[in-house]
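A.B. asks: The letter at position 73 of the sequence shown is residue 73 when you use my numbering, and the numbering goes up by one with no holes.
Because the hints were derived from the structure by calculation, they are not lab data.
One thing to keep in mind: the hints can contain errors.
[As the list claims (entries may be wrong)] Label pairs and their computed distance ranges (CB to CB): (1) 89 - 49: 45 to 55 Å; (2) 38 - 108: 49 to 59 Å; (3) 107 - 36: 49 to 59 Å; (4) 100 - 53: 53 to 63 Å; (5) 6 - 120: 35 to 45 Å.
Heads up, the beta-carbon is just placed ideally off N, CA and C, and yes, glycines get one too.
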Amino acid sequence: WDGLFSASAILPVSILASGMVAGFARQTRANMLDALNSDYVRTARAKGLTEVTVVGRHVLQNALIPLVTIFGFVLGGVVEGTLITETIFGIPGMGQLAFDAIGARDYPVIIAVTVLGAVIFALANLWADLFYGVIDPRIRNT
Numbered sequence: 001w002d003g004l005f006s007a008s009a010i011l012p013v014s015i016l017a018s019g020m021v022a023g024f025a026r027q028t029r030a031n032m033l034d035a036l037n038s039d040y041v042r043t044a045r046a047k048g049l050t051e052v053t054v055v056g057r058h059v060l061q062n063a064l065i066p067l068v069t070i071f072g073f074v075l076g077g078v079v080e081g082t083l084i085t086e087t088i089f090g091i092p093g094m095g096q097l098a099f100d101a102i103g104a105r106d107y108p109v110i111i112a113v114t115v116l117g118a119v120i121f122a123l124a125n126l127w128a129d130l131f132y133g134v135i136d137p138r139i140r141n142t
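With these hints in hand, go ahead and build the complete structure from the sequences.
C.D. replies: Here is the structure:
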């Protein structure tokens with residue numbers, strides 16, 4: 001492995017990202033279509049705002065809120081998915097360490113990998129909750 005931008009990283013990264021990209025695209029489309037039919041969008045258009053302003057400030061801002069929730073869960077899932085991907089592709093890392101620890105019945109290492117995955121998952125969801133306040137000012141006050 002030559003680092004992060006290695007040619008041998010293309011297949012593992014594409015496997016991890018393919019499911020996420022499809023899910024995010026579908027969810028973004030559904031959220032955008034739902035927000036486009038809202039009353040506040042009709043009001044913004046009636047006020048004479050340009051379509052770029054309506055989509056950028058009103059539609060996209062409200063469509064991003066559910067995506068942040070999904071991103072928090074997906075980020076935790078990617079960390080756990082890398083454990084399996086590292087094992088399949090023989091990449092030295094936490095996945096290979098966990099796989100070897102399971103085979104050797106090295107319980108402290110298994111517990112450490114499990115706890116580390118749980119902490120990363122919890123931090124990803126904390127990041128998502130904090131990012132809500134950046135996207136929607138109404139959430140900052142609650």
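A.B. asks: If a hint holds in the structure, say so; if it does not, say that too.
C.D. replies: Verification of the supplied hints:
Separation of residue 89 from residue 49 is about 50 Å and conforms to the stated range, judged on CB atoms against 45 to 55 Å. In this structure the supplied range 49 to 59 Å holds for residue 38 paired with residue 108, their Cβ-Cβ distance being about 53 Å. Between residue 107 and residue 36 the beta carbons are some 53 Å apart, a value that agrees with the proposed interval 49 to 59 Å. As the Cβ distance of residue 100 to residue 53 is approximately 55 Å, the hint placing it in 53 to 63 Å holds.
Take residue 6 and residue 120: their Cβ atoms lie about 23 Å apart, and the range 35 to 45 Å is violated.
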